[in-house]
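Chemist: Residue-level listing of the chains:
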Amino acid sequence: MEGNYYPLLKWILLAPLAGFLLNGLLGKKFLGERAGGLIGSLAILVSFIFAALSFSDLLNLPAENRLLRDTLFNWISAGTFSVDAAFRFDPLAAVMALIVTGVSFLIHVYSTGYMKGDAGYNRYFAYLNLFVFFMLALVLADNPLVMFVGWEGVGLCSYLLIGFWYEDPEKATAGKKAFITNRVGDAGFLIGLMILSGILAANGVIAMDFETLRANAHLLGAYNFLGIAAPTLVCLLLFFGATGKSAQFPLYVWLPDAMAGPTPVSALIHAATMVTAGVYMLARLSFLYELAPRALEVVLLVGCFTAFFAAVIGLAQRDIKKVLAYSTVSQLGYMFMAAGAGAYAASVFHLATHAFFKALLFLGAGSVIHGMSGEQDLLKMGGLKKEMPFTFLLVAAGWLAIAGVPGLSGFYSKDLILEKVFEHGGAFVWGVGVLTAALTAFYTTRLFVLAFLRSKRGTGHAHESPLSMTLPMTALALLAVGGGLFLKDRLFVFLDPSFVPSHGHTPEALRLMVISVAAGFTGIITAFLLTLPGPAAALKAALPRAHALVYNKFYVDEIYGFLVLRPLKRFSDRVLFGLVDAGLIDGLLVNGTARASYAAGRLLAKAQNGRLDTYALVFAAGVALMLYWII
Amino acid sequence: MSAYTLAGISFLLFALAAAGFLTCGSLVRMLMFLELMLNAANVALVALGPQPASQAYAVMLFAIAAAEAGVGLALIITLASTFRTLEAANIKELKG
Amino acid sequence: MIAAAVYFFGGLAALATLLMIFQRDPVKAAMLMLAALLSTAGLYLALSAQLLAALQVILYAGAIMTLFIVALTVMPQAWRDHQPKNVFTRVLGLAAAAVLLTELVKVSAVLRTAVRNVDFSESGVLGLARELFGRFAFQFELLSLVILTSIVAAVTLAAKRREA
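Chains as they are written, first to last, in our numbering: chain A, 1 to 631; chain B, 1 to 96; chain C, 1 to 164.
This is chain A alone, in the form it adopts within the complex (with noise of 0.2 Å):
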């Protein structure tokens, strides 16, 4: 097979695993918080290394040929059937791996000062290095069932972060909503998997691996399902999983729950790696989406539906960490879109830059959250620019980026999904996505009015975070500015050999661009004006209902709730419980069973009833058979 061997891969992915070991067998009594947070992030910085290492012998390879590999061990051999563990780094998962351990490094540095003194320290550090471990197994996989054990894997993580202070039962509920969205979806994903083996064993491919997927994906065409072609099913299926893991549409409702895990966790997974791994799947998969061009519809109309309405949700939320969590699925959305235009790389772009500011984003309301010590109100801020000016800095070339100004990441890449998916023939969508783009801008400063500038309206004083959190921040920011510049046409011709930058743009383009750009402004400024007293209070009385639906993330929690699960919760306590478990199994299979042998030993000790009467007949009888038998 084609790649070179390359043993270096593995131990990208087994550092984090001994963190995870060292940090959750040893823990606190051996270990104690500082060697822990530094194992933790000890383990990120090497798998770091050893995939910058990769990366740069990726580049010594020739641009057709760039792919390495690596194998674990055989895992499954049943018959004919095969899977290895194995792992490829080729220019898409390089990009990934480097985004991953990267932005973990820093989450890492900066969770040893957020989470300091915490009781669960070395349990919190522990699970990063767990998640990092199958974030890492499902980009580098070789074959979608190792890619699928890191995708159940990262949900198991985000479980147990999320619901990482347990003892509150509102977290532990947020922690098993997560889990189980992301089941349902997972759900999807599998059987899509099964359909695509399934359809390739009939035709004797047995081999998983992504080259081989790639090389026989056309063999599902000729294959329907109740009218549905095969490729069009199986990319819609696993284009559900996506929507669970990625917080789309109608699956994203853990994600805002998710933010009672502690700051650093959500900046991480819910920002930067867990939910992108759905647009991964989508990239790395593209050649199976290339040949079902109505489920690539679907996935450009659902991004786009979701980009803009989670934006509307995050215009009207208190709460610092959900309007940066509605904006996570938002912007996720614009990635989805630009996959459903068939432009991959620009996703993948995207993907890039919204790690980088929405990181920063997250981890800079983590610094003011730790600064004015728990509260996360924004309307209980405000000022912050003189009692926290670095966080205050470091959070302004964040929104900067996100509002999309131009010469920051977030403006090449959003941008440039804007004008695929315009090319790709949808002025309508393109129109909601410019619309949404200016919903973000105003959001997104609303936010950063609300609690940076104005006048102070909390109580206390706020302190500024230590370095340990910043540093990381500033890292981060130096990439939120000048990420995108520098990324715009290298990554492009690091994924797609072939691609050819393009040298200035075109009439029509500029022409999108500019629009865009306006409609960024104005959403800055409108912004300005409307956080001010008088006209918020306006707005709110005029639109009472509008604002209370929105407010309310219009109820699709509740909605949720009512149509499925009270049904499944009925069903459950009736069927399930009532007939099943007490019903069957307790009353027939163990009471009853008791009492049939109860019964049987009462029938047979009749045998035995010292009387004399019933002896003689069972002699006489007796006598009888025999003389029967006998004759």
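Since the hints were derived computationally from the structure, they do not count as laboratory data.
Heads up, the beta-carbon is just placed ideally off N, CA and C, and yes, glycines get one too.
One thing to keep in mind: the hints can contain errors.
[Stated by the list, open to error] The following label-pair restraints were derived from C-beta to C-beta distances:
#1 A/Gly610 - B/Ile64: 22 to 30 Å
#2 A/Gly592 - C/Val74: 52 to 60 Å
#3 A/Asp581 - B/Arg84: 30 to 38 Å
#4 B/Arg84 - C/Phe133: 45 to 53 Å
#5 C/Ala159 - A/Trp629: 44 to 52 Å
#6 A/Gly592 - C/Asp25: 47 to 55 Å
#7 C/Leu15 - B/Arg84: 30 to 38 Å
#8 C/Phe22 - A/Gly610: 36 to 44 Å
#9 C/Ala4 - B/Arg84: 47 to 55 Å
#10 C/Ala95 - A/Leu612: 18 to 26 Å
#11 B/Glu93 - C/Lys28: 31 to 39 Å
#12 C/Thr73 - A/Tyr598: 44 to 52 Å
Fit chains B and C to the supplied structure of chain A, relying on the hints for placement.
Modeler: Leaving out everything else, chains B and C in the frame of chain A:
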């Protein structure tokens, strides 16, 4: 007449007495039917066996029957005084 | 004629036993048993076992029956079943007896060919005496031991009762 008929008569007597023995509840009644069964066996012995040896055996059986009846009644009286009832159904210490 | 006598006495005994099964009154039941025993004596007579007939009357009808009658006189309620047994057991008992009869009859099918002459002979007592005091003398004497043992047993049981 054939020996078959004689055998049949004695078997009939035995079966009737057995029927009575198996369907009664009181101990004394059981003993009485028991004696009748023994009597029927005696008839069979006399009717079918080689004379006069079988008759000698029959004489001995008389004596044994008498002895058995005596002992049986003594036992019944003892049981009656211990259990205060003469029903075979109630004279038991097992709980079956 | 002898055959008729055999049938007559045999049938009588059978009838008496049958009636006894369904009899409730202890006095009548005792009478029926007596009838059965006496018919057996007649049967012996018909079979030319005169000594046996006499002994049957003396021992069975005279001694054993008297014993039962005394017992029934002392405790007349001993005859009745105070608790009616359930039908199932009764039916089972009757069925067992019926099956027993059938089987026994089947067993003795071989005897169809054997012929037994029941001519009336004057007296076979001499031959019987020779057997009893000759060949079976030892067993005959043992009988007295048996009776002695039973007497001792009965007295012991009765004595125990009185003391208890």
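Chemist: Determine for every hint whether it applies to the structure shown.
Modeler: Hint check results:
The given range of 22 to 30 Å is respected by glycine 610 of chain A and isoleucine 64 of chain B, whose C-beta atoms sit roughly 27 Å from each other. As the Cβ distance of glycine 592 of chain A to valine 74 of chain C is approximately 54 Å, the hint placing it in 52 to 60 Å holds. Between aspartate 581 of chain A and arginine 84 of chain B the CB atoms are about 52 Å apart, so this pair departs from the stated range of 30 to 38 Å. For arginine 84 of chain B and phenylalanine 133 of chain C, the hinted distance range of 45 to 53 Å is satisfied, since their beta carbons lie about 48 Å from each other.
A hinted range of 44 to 52 Å holds for the C-beta pair alanine 159 of chain C and tryptophan 629 of chain A, which are about 46 Å apart. Taken as a hint, the range 47 to 55 Å holds for the pair glycine 592 of chain A and aspartate 25 of chain C, whose Cβ atoms sit roughly 51 Å apart. A C-beta distance of roughly 36 Å is found between leucine 15 of chain C and arginine 84 of chain B, which places it inside the suggested range of 30 to 38 Å. Taken as a hint, the range 36 to 44 Å is violated for the pair phenylalanine 22 of chain C and glycine 610 of chain A, whose Cβ atoms sit roughly 27 Å apart.
Between alanine 4 of chain C and arginine 84 of chain B the Cβ separation comes to about 51 Å, which falls inside the hinted range of 47 to 55 Å. Checked against the hint of 18 to 26 Å, the pair alanine 95 of chain C and leucine 612 of chain A passes, with Cβ atoms roughly 19 Å apart. At about 34 Å, the beta-carbon gap between glutamate 93 of chain B and lysine 28 of chain C stays in the expected band of 31 to 39 Å. About 48 Å separates the C-beta atoms of threonine 73 of chain C and tyrosine 598 of chain A, a value consistent with the hinted range of 44 to 52 Å.
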